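Student: Given the structure of chain U, go ahead and fit chain G onto it with the hints provided.
Below, each chain spelled out in residue letters.
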Amino acid sequence: MARMKFICDAERCIECNGCVTACKAEHDVPWGVNRRRVVTLNDGVPGEKSISVACMHCSDAPCMAVCPVDCFYRTDEGVVLHDKDVCIGCGYCSYACPFGAPQFPSNGTFGLRGKMDKCTFCAGGPETNGSPAEFEKYGRNRLSEGKLPICAEMCSTKALLGGDGDVVADIFRNRVLLRGKGSEVWGWGTAYGKPSSGGASQPKPAGTKS
Amino acid sequence: MSRAFLVLLMAVGLAACSEKPQVSGGKKVDQKASDGSQFGSVDPAWKMGDAASWDQQIQRRTQGQNEHSRITR
Chain U
1 MARMKFICDA
11 ERCIECNGCV
21 TACKAEHDVP
31 WGVNRRRVVT
41 LNDGVPGEKS
51 ISVACMHCSD
61 APCMAVCPVD
71 CFYRTDEGVV
81 LHDKDVCIGC
91 GYCSYACPFG
101 APQFPSNGTF
111 GLRGKMDKCT
121 FCAGGPETNG
131 SPAEFEKYGR
141 NRLSEGKLPI
151 CAEMCSTKAL
161 LGGDGDVVAD
171 IFRNRVLLRG
181 KGSEVWGWGT
191 AYGKPSSGGA
201 SQPKPAGTKS
Chain G
1 MSRAFLVLLM
11 AVGLAACSEK
21 PQVSGGKKVD
31 QKASDGSQFG
41 SVDPAWKMGD
51 AASWDQQIQR
61 RTQGQNEHSR
71 ITR
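Residue numbers (my numbering), protein chains in the order written: chain U, 1 to 210; chain G, 1 to 73.
Same shape as in the complex, but just chain U (with noise of 0.2 Å):
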């Protein structure tokens, strides 16, 4: 069985904040909340690094742990998930996430707060798979369409990936080892050719007489 996970590659991820935009057009998320979002660090310096980041899913998830209602659960692909007929909007969540996920919708006059949101993996909730009612709640069920979430399947460098943890482990693993730097970089040669299938020819030294 699957154990859905995001993973997240700094050296890809181009602060587009396209994720950000899918998520929040796909769930019909509400104003003032925001399922993912990007971090940059040392913004603005050269070297900056950003990382979109969301609900991690955790494996022994402290949101879980500190809920006074225990409005969540687990899914058997492993993804972590709320009632929010059950949520109470206490926010104890929030406290406990190390990852800012619990999000709480200003709801109503003098900044009443909401139930709960935060991402779902694009797999609503305890609903019916798809039905209004969830949509409503949660947002968009891609899983029980058959698909992964819209932030890592639109994501355009890849630099998000979502999936079962060890395949996009691999696949992470796998594009660090092949890396590369300057034009030995991965894609180079199928952007820009390489010398003997007809490339560019290398500079000669100046003085030199062709």
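Simulated from the structure, these hints should not be mistaken for lab results. Where hints are given, some of them may not hold.
[What the hints assert, rightly or not] In silico DSSO-like cross-links for lysine-lysine, where the CA-CA straight-line distance does not exceed 27 Å:
hint	chain 1	residue 1	chain 2	residue 2
1	G	K47	U	K115
2	U	K181	G	K20
3	G	K27	U	K84
4	U	K84	G	K32
5	U	K49	U	K137
6	G	K28	U	K137
7	G	K27	U	K158
8	G	K47	U	K147
[Unchecked claim] Partial list, derived from the structure: chain U residues whose beta carbon lies under 10 Å from chain G:
hint	residue
9	V20
10	C71
11	E77
12	D83
13	G89
14	A152
15	L161
16	G163
Source: prediction; values computed, not measured. All C-beta atoms in this analysis are idealised placements derived from N, C-alpha and C, irrespective of residue type, glycine included.
Tutor: Leaving out everything else, chain G in the frame of chain U:
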């Protein structure tokens, strides 16, 4: 008469002291993702209700994110 009235008064008065139970119905049982969906646009590459087929489908989609398996070097 006054005794009956007193009993009635006590019954009405004590009724105001009752409290509705506030027990949660508990978490609902979620449907498996491999059961599929009757609503969304389900990818036709797998068979709904077949867990093995769903697993294969997810593995295939996950590999779709691996450019090393999609493009030759």
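Student: The structure should be examined with respect to each hint, and the outcome stated for every one.
Tutor: Okay, the hints, checked on the actual structure:
no.	hint	in the structure
1	G/K47 <-> U/K115	violated (35 Å)
2	U/K181 <-> G/K20	violated (68 Å)
3	G/K27 <-> U/K84	holds (9 Å)
4	U/K84 <-> G/K32	holds (18 Å)
5	U/K49 <-> U/K137	violated (34 Å)
6	G/K28 <-> U/K137	holds (14 Å)
7	G/K27 <-> U/K158	violated (36 Å)
8	G/K47 <-> U/K147	holds (13 Å)
9	V20	violated (18 Å)
10	C71	holds (6 Å)
11	E77	holds (6 Å)
12	D83	holds (5 Å)
13	G89	violated (14 Å)
14	A152	holds (7 Å)
15	L161	holds (5 Å)
16	G163	holds (3 Å)
This entry does not satisfy hints 1, 2, 5, 7, 9, 13, going by the numbered hints stated previously.
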